[in-house]
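**Q** Residue numbers (my numbering), protein chains in the order written: chain A, 1 to 479; chain G, 1 to 651.
Incorrect hints may appear among the rest.
Now the in silico label distances, taken between C-beta atoms and shown as ranges [stated by the list, open to error]:
id: 1; chain 1: A; residue 1: Gly448; chain 2: G; residue 2: Asn200; range: 47 to 55 Å
id: 2; chain 1: G; residue 1: Met637; chain 2: A; residue 2: Gly195; range: 38 to 46 Å
id: 3; chain 1: G; residue 1: Asn608; chain 2: A; residue 2: Thr196; range: 37 to 45 Å
id: 4; chain 1: A; residue 1: Gly2; chain 2: G; residue 2: Asn200; range: 50 to 58 Å
id: 5; chain 1: G; residue 1: Leu587; chain 2: A; residue 2: Ser473; range: 47 to 55 Å
id: 6; chain 1: A; residue 1: Pro371; chain 2: G; residue 2: Ile33; range: 25 to 33 Å
id: 7; chain 1: A; residue 1: Gly455; chain 2: G; residue 2: Tyr573; range: 25 to 33 Å
Keep in mind that the hints were calculated from the coordinates and are not lab data.
All C-beta atoms in this analysis are idealised placements derived from N, C-alpha and C, irrespective of residue type, glycine included.
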Amino acid sequence: MGIDLFGSLPLVVIWLALGGVGIVIQAFVRDNTRLVFGYYISTLIATGVLAALTFGHTGLTFDGMVTMGGSGAFFDILFCVTGILTMLAARPYLQREDSEIDEFYTLLVSAVSGMMLMAHANNLVVLFVGVELMSISFYVMAGFFRKSIRSIEAALKYFLLGAFATGFLVYGMALVYGSTNALDYATITSVVRAGTTPFPMLLAAGVTLMAVGLCFKIAAFPFHQWAPDVYQGSPTVVSAFMSTAGKAAAFSAFIPAFTMLMPVGAGASYVMNMQLALAVIAAVTMLVGNISAVAQSNVKRMLAFSSVAHAGYLLMGIVSGTAAGHQAIVFYLTAYTFMQLGAFVIVSILERENDGHLEFSDYAGLSKTHPVLAFLMAMFMFSLAGIPPFAGFFGKYMLFIAAIDSGFTWLTIIAVVSSVISVYFYLGLVVKMYFSDPVGEGHATNPGTAALTLGVAAAFTVLLGVLPSVLQSMFTAFH
Amino acid sequence: MNSAALIPLFPLLGFLVIGLFGKQLKSERLIGIIGSGAILASFAIAVSIFFSFLGMPGEERSMHVPVYTWISTGAFTVNIAYQVDQLSLLFTLIITGIGFLIHVYSIGYMHGDKSFSRFFAYLNLFVFMMLNLVLADNFLLTFLGWEGVGLASYLLIGFWYERKFEGTGIVYTGDAAKKAFIVNRIGDFGVLIAMFILFNTFGTLSYSEIAAQAPTVWAPGTAMVSVVTLLLFLGCTGKSAQIPLGIWLPDAMAGPTPVSALIHAATMVTSGIFLIARNNVLFAMSPSTMAVVTGIGITTALIAGTIGIVQNDIKKVLAYSTVSQLGFMFTALGVGAFTAGVFHVMTHAFFKALLFLGSGSVIHGMHEQQDIQKMGGLKKYMPTTYKTFLIGTLAISGIPFFSGFFSKDEILWMGFLNGSPILWGVGAVAAFTTAFYMWRLTSLTFLGEERFDHHHVHPHESPATMTIPLIVLAVLSAFGGFLGVPHVIGHALHIPNLLEGWLDPIFERGMSFLPKHVGDHAMLEWGLMGASTVIAIAGIMLAKSIYSKGTERAEGIAARMKGIYTLLWNKYYVDEVYNFAVIGPILAVSRDFLWKIFDVKIIDGIVNGSASTVGAGAAALRKIQSGVAQNYALLMMVGIIAFLAWVTLGR
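Full structure from sequences and hints, please.
**A** Written out as structure tokens, the structure reads:
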């Protein structure tokens, strides 16, 4: 086996850039945020380009522990693009909050490298390393406003509960290893399919605990409660990044892991139970996320609950267990990343120090004071609500069809009902922005490079809705 | 990618550039150049494809141009793909060619308007949508264009949204726009249902596949094919302003005159003809639908023609004339003379665009005056407009060797041959009214004494950007008919019928379902041609004798025939009847039942009930979301235990 150098390039480059050159730059160049910013933007661009180049070069590398090309490379591109867009939005935001410290960019790229490892994992240990690399970077980023009590609280809460969940994840991996005698995905899945394990109960328990760990990362009920508090307390750009790229990474690991652990139609008796349990989790997650969002008066917290609800929709693809379901997840994740990121970035532009200007009432009459921001926000809200012709519509459609085709019509009905509930608060914000009069003087905003982020996010939100086939055509290269 | 894909692209780019940056561009000249240039580029490509087609044998003159897969889920796939063949290319040439002239004209006409850039953005949007409508290779893309031109039409009818406009139940131009939009909805509903049935039956919406499968799935004359084609025809009556949905077109004249020329005369209103021509196989398979199309067409031609006689607004006369001419086209389609119908689309586009632009030039020169009773004698002030308008009048009246003569005569002849002498008779009467009202219009506008107020109105010729398009269109109106010379004349003069040879491969399959008439009718055809010429000249002479001295004699006649005059003046009370029989009851039911009872009591009750349920749920969930990390961990633990128990112990 050995190493396929070309196929490993995205991972190798981002590690070298981080651990080799990046550390040196930060050790010897003091207080030069511009240099570090530029350096890491270039790193992500280079990594993304390499991922695009290796897209068609599928196979295994690093002695079969890591996959190359295909869906992994697709996710690499998504993570790098999200990382770049977040950095562009973060720089003006951090400067405004007087907290631009160059470690921020290091942590962000470190998180991206962890995500890439998750997407490429073909081995339980690699998956674990990826999850932890991403999570630890997130813990620090959540507490990045170290003088803000909310930010510190968010970091601590995230760390405590995250560590708790990680315990279950690693325990689950241990049980799977113990019952199958393998860490490698291919071997595990052959044992699961053949039903030759001497400890079927332990295997089932291990798979469940791994599901718990991953459900925590995607913020699914009942492991979701950290998300609203953490997303609300963290710096807004960090929330944007965690709720988009973080969720995408968790699903990028979820899909191959559960293709392996839960092969539909396999001999293992737990598979049916698992599928049904995940379906219930998906249903409750979307209901809880959307119903809770209805009661919010804080836009940032509303977006946090909306992110929980979207984990529920996305889980439908895992429940279906089919290739169509997995493709629907990838499509919706891509769409969701752009619309959710766009919405969070608008919040970050309008936000004022000490968590000011985050309430629904602060958005009254935004169409008059900031017509462009209001228009884009409305577009992201329509897309999140799943209204055509925006990207969110097609993503939801694909997920619903996949669930129906696998016999989960009841789950689709719940998904439709909760989508209807979500229209209330998404469009509630639009109504506020367009049909209420502004209160007091609108303050000036200076989006800076965040304008670029918004432009790209808006373009993709429209493009994926009008030209869904562009993305769909890439999926054929996944398998 | 094939260059044909660029044809709709240029107007789209023009729309985006002008729409997004129009305000920044400021210069009218620049906006005009971008707007017209986009259409000219499309026209140039269409012309180049036309010439490359000419070098090929007839059956190869067709290209399938896939652009991208639009929707692909399961069994349902829709491609954005264009079918460039003789029919769509002909329409494309008309749309972009005449569209370009009208864009140029608009630079002069809209000069100084505060929304100059908005106007050109909408106009480019319209052309983009119209091109999608005719170039589409499937129903759905056509429908997208169909709705798109409806939108553009709505935006442009209400372009001067703060201006007043008179009509039944109409106060502002915006009301006229709404009327057009709503009436069209009814027709679009028919098209939608037809599309559902077609997809359900054939599993595809592609024109070529449906045309290929239809004869094997449905026997000609079965009920289903009649239902589908009638539903499609309902859409056509909306878009192309036929009975019973034709009432919106005269009010659509609230829009700026170039819009009336482009959308409501030359292109959009002929979409219905296009749809039937494109689906000639389906229509030809249903004799009953063909009969309905004929009946509706000829009735509309006659009724609209008679209304046109008494109208005093220069644009309204032309609007009723358009409705009437569209009726002729449908008559042709209904009797299976597809080529003749499409031929009339083309010649009508030439002369009706010319007439509308001429009327715009008059309105422009008369400071927004549209009442022909307050005109007269404009010939000496506006010589170019007068001469071109005269050519348009002669062309539409059917004076020999002008374009309208060939196409209208072909329709009447085919009506006689494939239909009945009665059809010919009614058509001839309608043609007589055409000649009459057109000469009345010309006479009252340009000839006779000057009836306008010399102190306030100073008529003047329009600028070159407006007169040059008039001249080009006048040339086309005069000579365009030679593309489709009827056989008897062609035989005598040794001119082939170019258009028929061009369109034959399109209509071949449809024609195979229709009865064929063989035999030599040359003498009869000559005779009828002579008769229709006499009728046209008679119409003109009658109008001349009545209106040469102004409106006095006409008023005398109107006073003597008060009943008929009032009936025509009030357009057969169609608007009033609709208001009483359709709109009134719908309004009453909507307001008194649907709104006050069903919506307020039942729907709102359910909505408020479910909203309060959701609200209560949210309050409960809020309590669980306590903010205390230990509690979160506790819930997680409970969840983990339940999850574990379910998966490992469940059966």
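**Q** Would you mind marking each hint as holding or not holding in the structure?
**A** Against the structure, the hints come out as follows:
1. The supplied range of 47 to 55 Å is met by Gly448 (chain A) and Asn200 (chain G), whose beta-carbon atoms lie about 54 Å from each other.
2. For Met637 (chain G) and Gly195 (chain A), the hinted distance range of 38 to 46 Å is not satisfied, since their beta carbons lie about 30 Å from each other.
3. Take Asn608 (chain G) and Thr196 (chain A): their Cβ atoms lie about 58 Å apart, and the range 37 to 45 Å is violated.
4. Our hint of 50 to 58 Å for Gly2 (chain A) and Asn200 (chain G) holds, since their Cβ atoms are close to 56 Å apart.
5. Range check, Leu587 (chain G) to Ser473 (chain A): about 49 Å between beta-carbon atoms, so the 47 to 55 Å window is met.
6. For the hinted restraint 25 to 33 Å between Pro371 (chain A) and Ile33 (chain G), the CB-CB distance of approximately 29 Å keeps it satisfied.
7. For Gly455 (chain A) and Tyr573 (chain G), the Cβ-Cβ distance of about 56 Å falls outside the hinted range of 25 to 33 Å, so the restraint is violated.
Checked against the numbered hints listed earlier, the structure breaks hints 2, 3 and 7; every other hint is satisfied.
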